[in-house]
Amino acid sequence: MTLGESSASVKTEHEAQKVYLSGNEITTIEQGTFIDLPALEYIYLSGNRIAILQQGTFEDLPALVYIELDSSRITLIQNGAFKNLPALKYLGLNNSKITTIHSGAFENLRVLKSLYLSDQNITTVHSGAFKDLPGLISLYLSSNRITIIQQGTFEDLPALGELDGNRITVIQSGAFKDLPALKNLFIRGNRINVIQQGTFEDLPALQTIALNSNTVTTIQTGAFKDLPALNNIDLSGSNLKFARNDTFAYITNLHSLHLGLFCNCNVPFWSWLRTKSFTNENVYCLDRNHVQLSSLNASDFDNCTYNACQYTDYCSNGGSCSQNSFGDLSCSCVVEWIGATCTESANHCVANVDNFHTNWRKTAESTLATLECTGEYTGNASRYCSSDGKWQEPNYSNCTSNSIEHIKEQTAKLLSGDNITDPVTIILDDLENITRDNNELRSGDLLTSSTVLNDIAKYVTNHTEDLSVDQLEIFGSLCDNLLDERNHHSWEELNNEGLGGVTSLVNAVTEYSNAYNDVIDGESSLVVAKENVVMQVGKASSVEITVPDRIKTSDSWISDSATEIKLKKNICSGLTGYSSTFYRNISRFFPKYIILNGNIKPFNGSYGVNSIIADFTIHGTTCSDYSLIIKFEHLLENYSKPFCGHWDFSAPKTVNGAWSTFGSQVVDATDSYTICEYNHTTNFAILMSPGRPPSSHHFPLSLISAIGCGVSILFLIITILIHFILWRYVKTDRTKTLMNLCVALIMSYVIFLAGITQTENKVVCSAIAIALHYIFLTDFALMLAEGILIVRMVVFVFPASSIIHKLIPACWIIPAGIVGVTAAVTKLKGYGNQQFCWLTLESNLIWAFIGPALLVILINFMFIIITVYKMMTSRGLAAKTLQVKFKIGLKSICVILPLFGLTWVLGAFSINDDLVMFQYLFATFNSLQGFFICLFHCILNEQVRLGYRHFQRRRHAYRMDSKLPTESTNTELGLQTAGNYDSKVSFFHHSGQSSSQIDCILRRNISIFKEHKIWDRSATNSSAHVPVETNTTVTITSAANRKPFEGNSYKKLLWDEINTEIYISKLSEGLLKIKSEDTTSDQLQTITNELLKAIKVVVPAKPIKLQGPKWNATPTVLKHLKSCKLLYSQWKNQVRPQNHPSHSELKTAKKLLRNA
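Each residue of the sequence shown is one higher than the one before, counting from 118 in this note's numbering.
Quick caveat, the hints were computed from the structure, so don't treat them as lab data. A virtual CB, placed ideally from N, CA and C, is assigned to each residue, including glycine. There's no promise every hint is true.
Restricting the straight-line Cα-Cα distance to at most 30 Å, the calculated cross-link-like pairs of lysine-lysine (DSBU-like) are [as the list claims (entries may be wrong)]:
1. Lys-248 to Lys-135
2. Lys-683 to Lys-709
3. Lys-342 to Lys-248
4. Lys-853 to Lys-685
5. Lys-718 to Lys-647
6. Lys-944 to Lys-879
7. Lys-748 to Lys-647
8. Lys-718 to Lys-946
9. Lys-758 to Lys-748
10. Lys-669 to Lys-200
11. Lys-248 to Lys-530
12. Lys-758 to Lys-853
13. Lys-946 to Lys-709
14. Lys-879 to Lys-923
15. Lys-206 to Lys-342
16. Lys-709 to Lys-770
17. Lys-770 to Lys-206
18. Lys-946 to Lys-853
19. Lys-669 to Lys-748
20. Lys-758 to Lys-770
21. Lys-683 to Lys-946
22. Lys-294 to Lys-200
23. Lys-944 to Lys-683
24. Lys-718 to Lys-685
25. Lys-718 to Lys-758
26. Lys-530 to Lys-683
27. Lys-300 to Lys-230
28. Lys-530 to Lys-718
29. Lys-669 to Lys-709
30. Lys-479 to Lys-525
31. Lys-848 to Lys-879
32. Lys-200 to Lys-230
33. Lys-525 to Lys-683
34. Lys-848 to Lys-987
35. Lys-525 to Lys-230
36. Lys-853 to Lys-748
37. Lys-669 to Lys-718
Pairwise CB distance ranges, derived in the manner of DEER restraints [said to hold, decoys possible]:
38. Val-942 to Leu-975: 32 to 40 Å
39. Asn-579 to Ala-468: 50 to 58 Å
40. Ser-676 to Gly-149: 30 to 38 Å
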């Protein structure tokens, strides 16, 4: 897209003040584009593809104050691009591809205050590049590739902001000359070894110099001289070995000095440190751990003394001593030794000759060795000797052959407008001949050749008349030479050095191919098929365009690949121009970075490119709607989790871009290929995660899940049916919640088994994923409800009111809200993929389930701790042995776990493919959750078992009713032990009595309290207070029609005032205290005490309005039970057994029952 004088994009009102054109595909801005907007103040052009800012691009705009051109791929700024802009104050050019700042690029911007040139590829800043910028306050040049700061580079600049993160090795004397207003200078994170004399001269206002994280070893005499305002120097992270004693003596206002070394007697300038007054200055040195900085004390140097060089032991291990005029001694150590006096043993790299026949001399550890390029090469090569004395790979990115360097100069002349006969073809042909040689090209040759090709692509974009069919063939051969296997090592070197590597070449091929849109006439195509690259350009009118052309590439390597691209045009007319390129074996040379959630992250072994790189671009089309379908054949088998990627050249804070998944989706995927759909065009590839679960585990894991889910569904249905039959005997808040949980689990298992793999239809798959998301969240909500009810019952003996009518609806409604909000925000993106109809990991949507689930698990885990603690500290277990407590606690945990969902914690471990054991455990326990619920909460549940026995006894109710009156006529009012009971018992109580005996005692003695009259000493009060525990009273409300008896008020305790469930529970707990070895009287006393305790607990604490009996009798308390006679009368009227109780025992029993 080109912006010109007639461009509709800038046809605005004559008085327009702002133009927003960011994020488009603008490639060229013609001269005079904005000339008709005299009131224009702000121009936003970030995120475009503008290669060259031509002369007059921004010309004669008197009101313009702000230009933003960040991330626009600018490579060249011609002189006069910013002409006659008297009001311009801000110019943003960050994150582009500018390599050189020429003199005069920003001339006559008299009021410019802020110039941003960070994150570029700038290697050279010519002298006078920032001339005529008298108003400049901030200049930012961080994160470039500047290696040398030449004299006069920043001449006549009032302020320089940052030079961080470059590759500066040398700052020439006078580099910062004539900067009278400069206050802060940041040159952090570079490669400066020597601070030369005069480096910072004539900077009267300079206050701070930050040189930290460099490799400074030497500070020459007078480096910090004539800096009257300097008060802060940071040299931390350096390796300072030599400095004069007066190095910092010229700094009169020094307040803070950060040094990256130990400050002791081995410091070259220790005498200056000792003589300084430390009242105003703070010197920070490394502590013994080389981590923290601590303030220096003058007393640290009290014992330091000078040694004369004539003492042979000053420089150890063969080091040579030298002494300057200030008396400072220094040692020059041989390679094997380091330190101020050559006493520290050093690892060293032995002499070595590399593949390019460069002779690397013996070098000390942690040293960057630099040599001039040998032979027909210019520049320098470098190689780092690591701390363990091993050579790293040499860096030849600054070494370029003289012939390729000459071609680069020819290209520069071409771009500057010099008239050369048939220039493009000659340059390409010469470069193709040079790179055709069988010898390996150095990385500098590849880098320079890529730069030449990018310059050629820019030129032909505006000069299509220079293109030809033969030229495309030469261009393809040249690219094939550069990508040849013999050069792979050099491409890897460029990538490891962070220089962009092969991406620069790929960008050049794309731009060059696009230029052929204006050359091809009619519906045709051109194909260049080489060993490492296949290029195709053409025009077509068909509804579907498919590349590569299988006929024209039948003899090429691409014919053996299943990778192909299809452009489906939905609403189009006329010819559509296109260009495509397929690259062989270059994916590993791309920088290993990916954009995830808007952040740049390294692969770190989690991702890998598993296909060839394919490029496709359309242009000159009238299509308003199209889709791009690409089928990628996988290169390697042991990869999984594919997602569609494209290379984003404009990714921020990167050298040449990063992989991105924006605007793409996976349509289909198998073990051998992946099909992707894109809504844009660029360079594409399929990204996958290396490694997958071994195939031998797939079938057993799936089989375990299927069988487990089936078994769970069966047992959940059994649980529901049993509770339905026994509902009148087992109905509680907990059982209501349990039934809801069973229904929800059945639904989740059914949907999971039937729909998890239904990925053929995307809409259906998304609907299944949403349903699973909702029903699984509901499962966890009901598990949380179970936890709330259990802990509520344990902590509060008898809750004031039921919360079940609010709790269960919330468990079904809240998950629906979570799913609704999530689906609306994500627009269903992430619900289902090509493998499963579930929440995807790539979009992080999975956390919309994992987050609430983990929260429920955490809360329920706390509930388990509370429950077990309360049980272990209860009165009933206080006297039990540790072994008994352990068994009871373990049983309780086994009962609770299936309801609380804690087995889902195994799922967190099963995510890692290496932990196959946890995958089996997760599949087993989670799929059998329904079985465990049925086992512990139905089959082995005492309440259900008791309800079942009551259900069986209902058929014998009339027989029981006919017997009970007969028994009661022979006894007096009182408590009874076991009389008539079912002899067919399944288990025995630990007291020796069978469960039927205990049940009979319960049934017959409960009737006492149904008919019990409670004495009220106040005839006028409507309620009586019965003591329950210390400081606790219970109010018993009487019926309105009670009459006084013998001058005193008696109130009958109505059964509908009693919480039946808690009463039975409390009485059952009390019977646990009966011991078989006790006498009959002792057993009777225990029963009586527990009956009293139970009735005191269950009577309501607040008065209630009586509206008649609300309680329906169950087989546990038969409707027709009559009051039993006192056991004392029973013994009195019957023949006593041989071991009858003594008179005192009977007397005690009678007294206890009277008190009852």
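List of violated hint numbers, smallest to largest: Of the numbered hints given earlier, those the structure breaks are 4, 5, 10, 12, 14, 15, 18, 24, 26, 28, 29, 30, 31, 33, 35, 36, 37, 38 and 40, listed in rising order.
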